[in-house]
Amino acid sequence: SRQGYENPHWQYPAAAYGNGYPYQSHQWQPVAWQDGRDLRQGESYVKSYQDQHYYRGYHPNLATGPPGQDRTQTYNSCEDSYTSTARREGTGERALGSDSGEAGGQPKEPSLLQQYHESGLSSSSHELSQYIHDGADQYDPVLTGPWDVGQTGGPMKSTSSPAVPLKFPQLHTALCFGAGGHLVLVCPLHPAEGQLPRVQLHSLEAVLHGTEELEELQSFPGPLAREDLHKVDVVTFCQQKITTGCDLSTQRGRDSSLLWKLLVLLCRQNGSLVGSDAAELLMQDCRRQDKYKRQDPAANLMGLTDDEWALRQPGTLDLITGEVAPIVETQEQIVEKFTKLLYYGRKKDALVWAMRNQLWGHALFLSSKMDSRTYSWVLSGFTSTLATNDPLQTLFQLMSGRIPQAALCCGDATWGDWRPHLAVILSNKVGDTELNHRAIVTMGDSLASKGAVEAAHFCYLLADIPFGYFGAKADRMALLGSSHRQAFSQFARTEAIQRMEIFEYCQQLHQPESFLLPFQVVYKLLYASRLADHGLPAQALQYCEHISTVLLRQDPAAHPVLARQVVRLAERLKLSDPLLLEMPEQDQVLEPDWLEQLRACCQDREVR
Numbered sequence: 001s002r003q004g005y006e007n008p009h010w011q012y013p014a015a016a017y018g019n020g021y022p023y024q025s026h027q028w029q030p031v032a033w034q035d036g037r038d039l040r041q042g043e044s045y046v047k048s049y050q051d052q053h054y055y056r057g058y059h060p061n062l063a064t065g066p067p068g069q070d071r072t073q074t075y076n077s078c079e080d081s082y083t084s085t086a087r088r089e090g091t092g093e094r095a096l097g098s099d100s101g102e103a104g105g106q107p108k109e110p111s112l113l114q115q116y117h118e119s120g121l122s123s124s125s126h127e128l129s130q131y132i133h134d135g136a137d138q139y140d141p142v143l144t145g146p147w148d149v150g151q152t153g154g155p156m157k158s159t160s161s162p163a164v165p166l167k168f169p170q171l172h173t174a175l176c177f178g179a180g181g182h183l184v185l186v187c188p189l190h191p192a193e194g195q196l197p198r199v200q201l202h203s204l205e206a207v208l209h210g211t212e213e214l215e216e217l218q219s220f221p222g223p224l225a226r227e228d229l230h231k232v233d234v235v236t237f238c239q240q241k242i243t244t245g246c247d248l249s250t251q252r253g254r255d256s257s258l259l260w261k262l263l264v265l266l267c268r269q270n271g272s273l274v275g276s277d278a279a280e281l282l283m284q285d286c287r288r289q290d291k292y293k294r295q296d297p298a299a300n301l302m303g304l305t306d307d308e309w310a311l312r313q314p315g316t317l318d319l320i321t322g323e324v325a326p327i328v329e330t331q332e333q334i335v336e337k338f339t340k341l342l343y344y345g346r347k348k349d350a351l352v353w354a355m356r357n358q359l360w361g362h363a364l365f366l367s368s369k370m371d372s373r374t375y376s377w378v379l380s381g382f383t384s385t386l387a388t389n390d391p392l393q394t395l396f397q398l399m400s401g402r403i404p405q406a407a408l409c410c411g412d413a414t415w416g417d418w419r420p421h422l423a424v425i426l427s428n429k430v431g432d433t434e435l436n437h438r439a440i441v442t443m444g445d446s447l448a449s450k451g452a453v454e455a456a457h458f459c460y461l462l463a464d465i466p467f468g469y470f471g472a473k474a475d476r477m478a479l480l481g482s483s484h485r486q487a488f489s490q491f492a493r494t495e496a497i498q499r500m501e502i503f504e505y506c507q508q509l510h511q512p513e514s515f516l517l518p519f520q521v522v523y524k525l526l527y528a529s530r531l532a533d534h535g536l537p538a539q540a541l542q543y544c545e546h547i548s549t550v551l552l553r554q555d556p557a558a559h560p561v562l563a564r565q566v567v568r569l570a571e572r573l574k575l576s577d578p579l580l581l582e583m584p585e586q587d588q589v590l591e592p593d594w595l596e597q598l599r600a601c602c603q604d605r606e607v608r
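Under full-length UniProt numbering, think of the first position of the sequence shown as 1, with each following residue one higher.
No incorrect hints appear here.
What follows is a set of in silico ranges between Cβ atoms, one per label pair, in the way DEER data are often shown: (1) 605 with 202: 35 to 41 Å; (2) 495 with 368: 51 to 57 Å; (3) 361 with 495: 47 to 53 Å; (4) 199 with 578: 23 to 29 Å; (5) 603 with 194: 45 to 51 Å; (6) 561 with 249: 43 to 49 Å; (7) 248 with 408: 24 to 30 Å; (8) 202 with 555: 38 to 44 Å; (9) 164 with 202: 31 to 37 Å; (10) 274 with 206: 44 to 50 Å.
Cross-link-like lysine-lysine pairs, in silico, DSSO-like; alpha carbons within 27 Å at most: (11) 261 with 450; (12) 473 with 450; (13) 348 with 369; (14) 340 with 369; (15) 231 with 261; (16) 261 with 429; (17) 369 with 347.
Calculated directly from the structure, the hints in this document are not laboratory data.
The C-beta atom is built at its ideal place from N, Cα and C for all residues, glycine as well.
Construct the complete structure from the given sequences, taking the supplied hints into account.
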């Protein structure tokens, strides 16, 4: 122990990583309490390191040595080397720290650590120099006696390293987001050195001006529950989305445009819609009318063998009438031969003749007056002449009590456009309404499996499929026009939330008390947060008020977490309410009534 310091308080904190430390695993520095004395006066400073337990605990290389060599001798050599080097520095010189050397105009001396490294000392002495490196840059090793201001020409600065390493290596700008739509910047200055601190406030709306996200939020006339909103504003917004946001050259762009057009139709008709209205919309969106090629009826469907079919071709001898069939027959000749066959009582031959020459009216009427099996046979022959993707096939299959093949195969590029098939289903309701519903839902499922989400949701809306939740993957839809089977960041897009709010608005035009609870609470709160993040706090507060109205109408206790989130966001945005700012100061209320009521409901539930 040093004289006069019986119980020195040494600490060994982890020093900050810096340059010039080749041994990062042993960066421990002794830091003494500030007592105004030089830590390197006399040899008693160096003698305090002779505790062998200290070397064994903190210096693995000092704990062992070559055989026959005493550890005390190794340390004494280090001590002598250090003392001689320190004395060679001379008296009256300035400290070796970079700050004092530059201030005095003297050339910068190499540090003790570099001198020890160049002197060829052992690894143990080099490690010992790590512990005195901090002082080497701050103190003059031969300076003794009391400190005098005249020696340095300036006030004394703190020479001890900080007990806790600095979090940041250099000054930088600190920033945070304010609740009022501001970006707060704290400039990197030194108030302790006389520099004036400066804090800057920037409007997020001005910072993000011109970005696609902000323009998308600003163009939407929400919230749509406000009293001063007219549905013309909603229709105008939908038409702008069709014009600017839908690429009609792609299938997905056409499907998205069709969904926006459906919302326009619902808004204009106050939320009511019939099948013929949707069918007209579908046919307007069809780019072209496909030409479906007719086919000849298959011979096996008419119960004829190949030889019998060949004998009945034009130019062959008719064994019944004894006449040779003409190569080219007019419509009158076809009907005349159909009549002659009936003269002889050959009903089946007359049906075959009528079917082969496309007299389906004659054939169907004649077969309907015969047995049911014959009628089904003629009907099958008629449908076999239609193309597989012909909408007539869809209608006849639906009228026959079957799910149309188009509902299972639509969405495939080889199948063609799905819109005419849905139009014929919507416009021609059969007696079994359940069959119509299943056909439309099946078509939506087929489109969804092919990745046509907007087209599938169009079918689901016409089938009155309810909306589900994001976590319930078995539900068919959660947000209009967005698949809930993808990641939430891609699912909860701003456009999908806006489209969903417009559909909810159309529903309320028809039924004012109707609401979609999953959308009302969750996605509107998310949308309000995005408005606040983009510098639109007043509009975000209006959404919070609307969500609070819905929760208070239901039961906030049923959704405690969401209710608390609404309260938390509204508390940050409440001063953005223009009604509060316009009140006289003596009558000013700091919170709106709906916020107090919602908070009281949350507190009552916690008490219960």
